[in-house]
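A.B. asks: What follows is the residue order along each chain.
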Amino acid sequence: MTTVPFSLTRVGLIAAVTLREAVRQKLVAGLALIACGFVLGVRALRDFNFGTPELKFIADFGDGVIAGFGAVLTIVLLAQLFFGELESRTALTLLAKPVWRSEFLLGKFCGVVAVVVVFCVLLTATLSVVLWQRESALRVEGFAAVPAGVGFDPGALWVAAWMHIVRLTVLAAGMMLVACIAQTQLYAIIVGFSGFVGCHLQHVAQGVYSRAGSSAMAWIATLIGWMFPDFHLFTLEAGGAWTFEGVARLTVYGAGYAALALGLAVWVFRHREI
Amino acid sequence: MRRWPLGSRFGCFAIVKSRWRLFATVVAGLALGGAILTGLAVPQQTNREESGARLRESPGAGALFGWLGGFRALAADLLWLRMYAGWERRDLPGTQTLIRAVVAVDPRPAYFWINGARILAYDQPVWRIEAEGGFEAVPTERRRVIEVEQARLALGLLEEARGLRASTAAMWTEQANIELNKLGDIAAAAASFRRAWEQPAGPYYAARIYGELLRRLDRHREAYEWLCSLYPKLPPEDEAADAPLVLARIRELERMLAVPPAAAFRSGR
Amino acid sequence: MTGGTKPAVELRALTKDFVVGLKDLRLRAVDQLSLRVECGEVFGLLGPNGSGKSTTIKLVLGLLRPSAGESEIFGVSSSRVEARAQVGYLPESPNFQRFLSGRELVAFYGRICGLAGARLKSRVEQVLGWAGLTEAADRRVGTYSKGMLQRVGLAQALVHDPQLVILDEPTAGVDPLGAAAMADLIRQLKAQGKTVVITSHLLAQVEDVCDRVAILDRGRLLLCAEVASLGNRAVASSPESLDENDRAELARWLSARGKSPGAVVAAQSRLDRIFIDEVRKNRSDSGSGPA
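Residue numbers (the working numbering), protein chains in the order written: chain W, 1 to 274; chain S, 275 to 543; chain Y, 544 to 834.
Think of the hints as simulated: they come from the structure by calculation, not from any bench. One or more hints might be untrue.
Unchecked claim - Examples of chain S residues toward chain W, derived with CB under 10 Å: (1) F297; (2) V300; (3) V301; (4) G303; (5) G307; (6) G308; (7) A309; (8) T312; (9) R346; (10) A347; (11) D380; (12) I420; (13) L438; (14) T442.
Unchecked claim - Stretches of chain Y that chain W covers, calculated by requiring three or more beta carbons in the stretch to come under 8 Å of a beta carbon on chain W: (15) 606–617; (16) 620–631; (17) 643–655.
Don't be surprised by glycine CBs; every beta carbon is placed ideally from N, CA and C.
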């Protein structure tokens with residue numbers, strides 16, 4: 001019997017086809033265009049800005065666009081690609097070949113992550129241009145506030161982009177786990193969004209449960225804290241005075257959760273009837 | 275296809291058991307792996323409560339509204355606009371609620387805290403007094419009660435701001451003004467002006483007013499020493515620093531304290 | 544790998560139940576099915592809709608896990624990835640990545656199966672030629688007709704030169720010319736020594752190309768026999784089988800009732816008749832009404 005070892009080549013082939021399929025989807029193009037439009041048009045929202053220095057407002061808004069649209073893109077795209085493959089039965093043809101189910105899942109995952117990386121890089125580059133252009137204009141206008149620590153910091157912006165990528169990669173892996181368990185696309189999307197909000201708010205739940213004083217509640221809080229990655233930590237690192245150590249730790253943290261979710265997804269998918 | 279009824283060995287228990295097994299494995303796997311990862315990769319100083327202030331300062335964060343991401347600046351701005359609509363209608367509870375909502379959504383800008391405090395301390399007492407019949411009709415004691423109540427609300431807001439974000443000179447001067455103008459508490463106002471001066475980019479006038487308030491508190495010696503220590507720090511070319519005015523006050527205090535000419539302050543300029 | 548005495552496919556008491564909801568039911572799609580498909584033969588798996596043919600094929604390919612029993616391909620358990628190394632599969636009504644061209648699609652599946660370089664290129668061109676898609680190879684699959692989809696599906700199934708080819712309803716929705724071409728191709732595969740497993744509703748066509756057939760109904764094996772041995776069991780006769788006098792009398796009888804002589808035709812092939820008889824017998828034995 002010829003053995004068929006796990007092959008990164010097959011993972012790459014499936015990822016490349018997934019990427020090609022994804023970039024042809026109207027959803028991806030639509031979200032990328034709308035997100036770019038928001039970043040480019042942020043100055044039109046200046047009239048709504050009261051409390052924040054303009055460059056900070058633009059950077060914040062761009063950050064929100066990347067986080068928000070990136071999450072929508074990750075959740076919906078992964079669900080569409082996964083269930084589309086099962087419903088159109090293209091997965092049937094592929095899995096009838098000497099392909100490990102883990103290769104299939106990893107290929108799909110890598111394809112989606114590639115789209116997410118392109119999305120984050122594209123938007124961060126657009127945001128950099130908008131910030132650089134506005135800062136230059138403010139300097140010409142002689143705004144004294146610009147040099148006082150509120151100027152455009154490209155390093156921090158790209159650290160934030162990396163944190164977005166890590167966080168969305170974790171989200172994609174979690175979404176893959178949900179998709180493997182779910183029977184319908186709609187269910188997977190709803191659970192995916194709930195999980196995303198839950199990961200952002202879990203530290204709040206932690207606080208509430210731990211203040212409740214009951215040991216049972218404290219245990220629940222601990223369990224939740226372990227099960228769901230704390231997305232807050234990524235924004236914390238990106239928004240605060242980031243350090244290489246902090247970024248590296250969170251990258252390990254994110255990669256670990258992604259690997260964990262993917263491992264469980266593979267286990268579930270191996271038991272799934274195609 | 276053939277149907278196999280309940281009670282056979284393919285009955286519901288086997289199905290439920292297998293699904294529970296799947297969920298239980300996923301939950302246990304996530305919890306176990308997550309416990310290891312949290313221990314390994316999350317630095318202690320960024321854990322939960324300890325990181326409170328930094329956490330709330332970061333973009334995309336916020337105590338409860340973190341999931342709004344970077345949109346919270348926009349969300350806060352839109353809520354602030356709504357607050358103004360309530361302000362125009364003199365809607366006292368509505369305005370207070372929206373001020374609270376704005377600072378909860380985005381606690382970072384000092385603008386919201388300071389202007390919120392001003393509305394509470396200066397605008398709302400007027401609304402309440404007019405609602406009770408106007409300045410002519412409402413007795414002075416009652417007006418005083420209202421103004422103190424509103425000033426306390428404003429000071430509470432500013433104190434909360436200092437718990438959630440880094441304090442600024444502007445916030446301390448705002449506090450000092452409320453304490454001085456609305457509570458008439460000169461000692462508290464003096465302390466707040468001094469804190470304002472001690473903040474990064476603290477205004478020169480805060481230091482001057484601190485000295486002035488010490489004089490009003492009859493702490494002339496303290497005021498004299500303060501101004502003498504302040505004067506060398508004032509850049510002569512900066513009009514805002516107003517060094518000649520400080521020197522004039524020093525001379526006035528020397529006369530008042532009968533400082534001998536030999537011991538008088540030497541400006542060295 | 545394919546040598547020795549190991550059969551191409553062997554099923555032993557294979558059973559598959561599907562869970563329906565959370566309540567109390569499981570549906571049995573395949574029931575204690577035991578079969579052997581020998582190397583080099585063309586084997587037909589027949590049965591009415593819902594008889595468990597496609598489920599059986601998915602079990603053979605390891606796409607479904609059996610509830611009980613075993614399935615092996617060339618002696619390797621179907622649950623192992625290695626079992627599929629020498630299998631080409633054309634699913635029923637195949638669907639592919641619409642944005643790829645026919646050539647890209649076949650090359651993708653070739654690479655997935657481990658082909659590369661010049662061998663990949665030559666195999667892609669070869670199977671596209673067999674499938675009659677050389678001219679349309681650079682068109683996007685999304686623009687293909689149903690028949691072309693079937694042919695590109697066949698090309699991807701054959702690209703890695705498998706020893707076992709499984710064709711699930713390969714002529715469903717294909718015009719008669721396409722169906723005839725498919726039959727020719729199956730004969731060619733047999734001539735090359737490949738094992739072919741085919742499911743089809745066109746029983747006459749299966750009869751023409753298959754060495755052996757198995758008839759399934761409600762997941763049960765009703766019959767498994769060589770096609771040649773089924774001749775004795777034929778029960779139907781066509782008007783052409785009557786002598787000249789009988790035919791003339793039949794024509795007069797029809798004419799008297801205003802019917803044309805062509806109103807009576809041989810509607811069913813020999814295999815059709817056996818198929819219907821076996822299925823009816825099975826259903827009356829198991830106590831339910833006709834399908």
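A.B. asks: Decide, hint by hint, whether the structure agrees.
C.D. replies: Checked hints:
1. At a threshold of 10 Å, the smallest CB-CB gap from F297 of chain S to chain W is about 8 Å, leaving the interface hint in force.
2. Interface hint status for V300 of chain S: upheld, as the beta-carbon distance to the closest one in chain W is roughly 5 Å, under 10 Å.
3. Interface restraint check for V301 of chain S: the shortest CB-CB distance to chain W comes to about 7 Å, inside 10 Å, so the restraint holds.
4. The restraint placing G303 of chain S at the interface with chain W holds, with a minimum CB-CB distance near 5 Å, inside the 10 Å limit.
5. A distance limit of 10 Å between C-beta atoms decides the matter here; for G307 of chain S the minimum to chain W is near 4 Å, and the interface restraint holds.
6. The criterion of a C-beta within 10 Å of any C-beta in chain W is met by G308 of chain S, whose closest approach is roughly 3 Å, and the hint holds.
7. With a least beta-carbon distance of about 4 Å to chain W, the hint placing A309 of chain S at the interface is held under the 10 Å criterion.
8. The beta carbon of T312 of chain S comes within 6 Å of a beta carbon in chain W, closer than 10 Å, and the hint placing it at the interface holds.
9. Look at R346 of chain S: its Cβ gets to within about 7 Å of chain W, closer than 10 Å, so that hint holds up.
10. Taking 10 Å as the C-beta cut-off, the interface hint given for A347 of chain S holds, the closest approach to chain W being about 4 Å.
11. This hint holds: D380 of chain S has a C-beta 7 Å from the nearest C-beta of chain W, less than the 10 Å allowed.
12. The beta carbon of I420 of chain S is not positioned within 10 Å of any beta carbon in chain W (closest approach about 28 Å), and the interface hint is therefore violated.
13. Among the interface hints, the one on L438 of chain S is violated; its C-beta lies about 14 Å from the nearest C-beta in chain W, farther than the 10 Å criterion.
14. Evaluation of the T442 of chain S hint against chain W yields a violated restraint, the C-beta minimum of about 12 Å exceeding 10 Å.
15. Under the rule that three or more residues need a Cβ within less than 8 Å of chain W, the assignment of the segment 606–617 of chain Y holds, with 3 such residues.
16. For the segment 620–631 of chain Y, the assignment as covered by chain W holds, since 5 residues bring a beta-carbon within under 8 Å of that chain's beta-carbons and 3 suffice.
17. Counting residues of the segment 643–655 of chain Y whose CB falls under 8 Å from any CB of chain W gives 5; the rule of at least 3 is met.
Hint violations for this structure: numbers 12, 13 and 14, all remaining hints satisfied.
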